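Q: Residue-level listing of the chains:
Protein chains: 2
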Amino acid sequence: MVTDPESAPKPAQGSASEKVVISVDAMGGDHGPAAVVAGIADSLTQHPRMHVILHGDEATIRPLLERHADLYPRITLRHADRVVTMEDKPAQVMRHGQGTSMWSAIDAVKDGEASVAVSCGNTGALMAVSMIRLRKLPGVNRPAIACLWPSRNPGGFNLMLDVGADVKAEADDLLQYATMGASYARNGLGLKRPRVGLLNVGTEEHKGRAELKEAHERMGPIAQAGDFDYVGFVEGGDLPSARVDVIVTDGFTGNVALKTGEGTAKLIADFLREAFGAGLMSKFAALLALNSLKRLQKRIDPRRVNGGVFLGLNGTVVKSHGAADATGVSAAISLAYQLAQVRFIERLAARVASAERAGQDALQTGSGLSGSGGSPTE
Amino acid sequence: MVTDPESAPKPAQGSASEKVVISVDAMGGDHGPAAVVAGIADSLTQHPRMHVILHGDEATIRPLLERHADLYPRITLRHADRVVTMEDKPAQVMRHGQGTSMWSAIDAVKDGEASVAVSCGNTGALMAVSMIRLRKLPGVNRPAIACLWPSRNPGGFNLMLDVGADVKAEADDLLQYATMGASYARNGLGLKRPRVGLLNVGTEEHKGRAELKEAHERMGPIAQAGDFDYVGFVEGGDLPSARVDVIVTDGFTGNVALKTGEGTAKLIADFLREAFGAGLMSKFAALLALNSLKRLQKRIDPRRVNGGVFLGLNGTVVKSHGAADATGVSAAISLAYQLAQVRFIERLAARVASAERAGQDALQTGSGLSGSGGSPTE
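Respectively, the protein sequence lines represent chains A and B.
What the first sequence shows, in the working numbering, is residues 126 to 503, in sequence order.
What the second sequence shows, in the working numbering, is residues 126 to 503, in sequence order.
Read the hints as simulated data drawn from the structure, not as lab findings.
Here the structure is a predicted model, which means the values were calculated and not measured.
It cannot be assumed that every hint is accurate.
The list makes no distinction among identical chains, and a pair is therefore deemed to hold if it is satisfied within one copy or across any two copies.
Unchecked claim - Below, simulated DSBU-like cross-link-like pairs (lysine-lysine); rule was C-alpha separation at most 30 Å, straight line:
| hint | residue 1 | residue 2 |
| --- | --- | --- |
| 1 | Lys235 | Lys338 |
| 2 | Lys391 | Lys214 |
| 3 | Lys317 | Lys144 |
| 4 | Lys214 | Lys144 |
| 5 | Lys261 | Lys144 |
Whole structure, please, built from the sequences with the hints as guidance.
A: What follows is the structure, encoded as C-alpha cells:
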C-alpha cells in the first residue's frame with residue numbers, strides 16, 4: 126500500500142511561498158459587504174499565503190477596502206452587476222444567475238483561478254449554481270452539504286451530512302456521504318481515522334428504513350477503501366456524542382435535526398436569560414456567573430464553526446451563514462483556506478473513485494464484507 | 126351544527142362520583158415497581174375519583190403497597206408472572222407476550238375494565254402489544270406516538286407526532302396525524318382550536334417530499350372537519366415556536382428530532398455544569414444563581430410532561446419514560462386520568478371518522494379546499 130497523503134502532516138500544495146487563492150462572494154449576507162470585507166481582512170492577517178478574489182458591486186466594496194490598505198495587494202476585486210437575494214428561487218438563479226456575484230464567485234473555481242469559493246448567500250441558489258457550473262464529481266449521484274455540530278469530542282465538534290442538499294438519499298448516496306464525510310473530517314478537522322455512524326431511530330440492526338439497512342450491510346468495503354471506522358447506527362441523541370465523528374443521513378432528516386438542535390439551544394438560552402433576569406439576586410449572580418457563561422458561549426458559538434461545505438462537486442464551496450458577522454465570515458474563509466491548502470478536492474475525488482471500485486468489487490464477489498478495493502491513491 | 130362536546134368545560138364521564146379506572150403496568154421501568162407505586166400514590170392523592178388496576182409480580186408489589194394503606198381500597202393488584210424487558214424484540218413479545226404485566230395492563234383496557242393503560246416498559250413492545258390487543262381504530266392505517274415538547278406557548282408545551290410508531294408516513298397518514306394530534310391537544314392540553322403545522326425543510330410550498338406536498342394540498346377539508354387551524358409548513362426551529370401547537374411528521378423524522386432536542390438540552394446542561402464548576406467565583410455565582418437555574422429546570426423538566434400517547438387504537442395507552450421516577454410516573458398517570466375523564470377515545474374516534482368523510486367528499490368533488498365533511502358528532 127502506498128503512503129496515504131491524506132494523513133501527511135504537511136500542506137500538500139506546492140512550496141510554502143505559493144499562494145492559496147480563495148474566491149469570495151461579497152454580497153448576499155444579512156450584514157452586507159462590510160461584514161464580508163472585515164472577515165476577509167481578519168482571515169488574510171491569519172494566513173500570509175492567502176489571496177482573495179472578491180466578487181460584487183465595485184462602488185460599494187471599493188470604499189470598504191480602503192480601510193485595509195496593507196492587505197490590498199492580496200485582494201483582487203471583480204465587479205458583478207447583480208446580486209442573488211434570499212428570496213430568489215434556485216431554479217430562477219440557475220437560468221438567469223449569470224452576472225451575479227455568486228455566479229462569478231463559483232466561476233473563479235470552475236476556471237481554476239481559485240481553489241475554494243465562499244458565499245453567505247441563499248443556500249438553495251448557491252447549491253444550484255454550484256451544481257450547474259462545477260458539475261458533480263464522477264460517480265456522485267447526490268452532492269451533500271456537511272455542517273459541524275458541537276460535541277463532547279476533544280476537537281469540540283462532530284460533522285453531519287447531508288443537511289439539506291437533497292430531501293432524499295438512497296443506500297448508494299448514504300455510502301458516498303460516508304466516504305465524503307470521512308475525507309472532510311480528515312482534511313478539515315484533522316482526524317486521522319474518523320468514526321462514521323448512520324443516523325437511525327435505534328441502534329439495533331433490524332431497525333429503520335430499507336435504504337439504511339442496505340447501506341449498513343454494504344458499509345464494510347466502503348469503510349476499508351475510505352480509511353474510516355464504521356460504528357453502525359447512531360441516534361439523534363448521539364449527534365454530540367464522543368463515540369462518533371461523522372453522522373450520515375439524508376438531507377431531509379439532517380436539515381430537521383440541524384434546525385431542531387439550533388432551535389433547542391436558542392430556547393434554552395432564552396429561558397436562561399429570563400431566569401437570570403428575574404430578581405435582583407439573580408442579576409447579581411448572573412454578573413458573577415458572566416465568565417462561566419462566556420466560556421459556555423464560546424464552546425457553542427456557531428460563529429466559531431461557521432461554514433457548511435458542499436461535497437461531491439468538481440470544486441469546493443463553503444456556505445457561510447447568512448447572519449454571519451465578521452468573525453463568522455473569517456471562520457468560513459479560514460475553513461476554505463484549510464481545505465484549499467491540503468488540496469482537499471483532489472483527495473476527495475480519489476476517495477470517491479476508490480470507494481466506487483470497492484463497492485463494485487464487493488457486488489461482484491457477492492459479499493458486503495470482503496473486497497479491499499485497492500489502495501487509495503490519495 | 127350540533128354543540129361540540131370536545132370543547133365542553135365539564136368532564137364528560139358520568140357523575141362526579143363515578144370512578145375513573147387506570148390500568149398500570151408495575152414492571153419494566155428502570156427504577157422498578159417502587160417508583161411506579163410511589164407515582165400511583167401521588168396521583169391517587171391528587172385525583173379522588175381515580176382507581177388503579179396494577180399489574181405485576183404480587184410478591185414484589187404487595188410490600189410496597191403496605192406503605193400506602195389509606196389508598197389501598199383504590200388499588201386492585203393483578204398478578205402477572207412475567208415481565209417484558211428492554212431487550213425483548215417487539216415481534217417476540219407479540220407472539221409470546223401473554224402472561225406479562227404489560228400484556229395484562231393492555232387487556233384491562235381491551236376488556237373495558239379500565240379507560241387508559243400506562244406502562245414504563247419497552248416502547249416497541251408496548252406498541253406491538255397495543256396493536257394486536259386493541260387493534261387500530263376503523264380507518265386508521267398507521268397509529269402514531271405523540272409527545273410533548275417545551276415551547277414558548279402560554280401552556281409551555283407543543284405536541285409532536287409521530288415520534289416513532291412507524292418509520293414511514295404517506296399523505297393519508299399525515300392527514301390522520303393532524304386530526305388525531307389536534308384532538309389530543311384539545312382534550313389533553315385544553316386548547317380550544319389547536320394550530321397544526323407540517324414539519325418540512327422550508328416553509329415555501331414547493332419544498333419537501335412528495336407526501337408532504339400532497340398532505341399540504343389536501344389539508345383544507347381535514348382541518349375543517351377536525352376543527353383546527355392549519356398553519357402550513359414549519360421547520361425544525363419551530364418545534365418550540367408559539368406560532369404552532371401540533372407538529373405533524375413521520376415517525377422517523379419525529380424520533381430523530383425528539384432525540385436531537387433531548388441530546389442538545391443535555392449537552393448544554395453538561396456544558397453549563399462544567400462552566401459553573403470551574404473556579405471558586407463561579408461556584409459562588411452558581412450558588413446564588415441556584416434559584417434561577419431551578420426555575421429554568423422546572424420549565425424544561427421532562428418529568429413534568431412525562432408520557433408519550435399512542436393514538437389511532439381502540440383504546441388509549443400512555444408510555445411513560447423508562448427512566449421516570451415517582452414524579453414522572455405520577456405525571457404520566459395524571460395525563461392518563463385527564464384523557465380518561467373526558468372520554469378521549471370516543472372523541473378521537475368520532476374525529477377520525479369525520480375527517481375520513483371530509484376527505485372522501487373532497488376527493489369526490491375534486492377539490493381539496495371545498496367540502497365540509499358534516500358536523501362531527503364529538
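Q: Against this structure, judge whether each hint is valid.
A: We went through each hint and held it up to the structure:
Proximity of Lys235 and Lys338 under a CA criterion of 30 Å is satisfied in neither setting, with 37 Å inside one chain copy and 35 Å between copies. In this assembly of identical chains, the alpha carbons of Lys391 and Lys214 lie at most 30 Å apart only when taken from the same copy (28 Å versus 37 Å across copies). For the identical chains of this complex, Lys317 and Lys144 are intra-copy neighbours only, at 26 Å inside a copy versus 65 Å across copies, given an alpha-carbon limit of 30 Å. In this homomeric assembly, Lys214 and Lys144 never come within 30 Å of each other (Cα to Cα): the closest approach is 36 Å inside a single copy and 59 Å across copies.
With identical chains, the CA atoms of Lys261 and Lys144 are at most 30 Å apart within one copy only, with a shortest distance of 26 Å there and 67 Å across copies.
Hint check: violations occur at hints 1 and 4; the rest are consistent with the structure.
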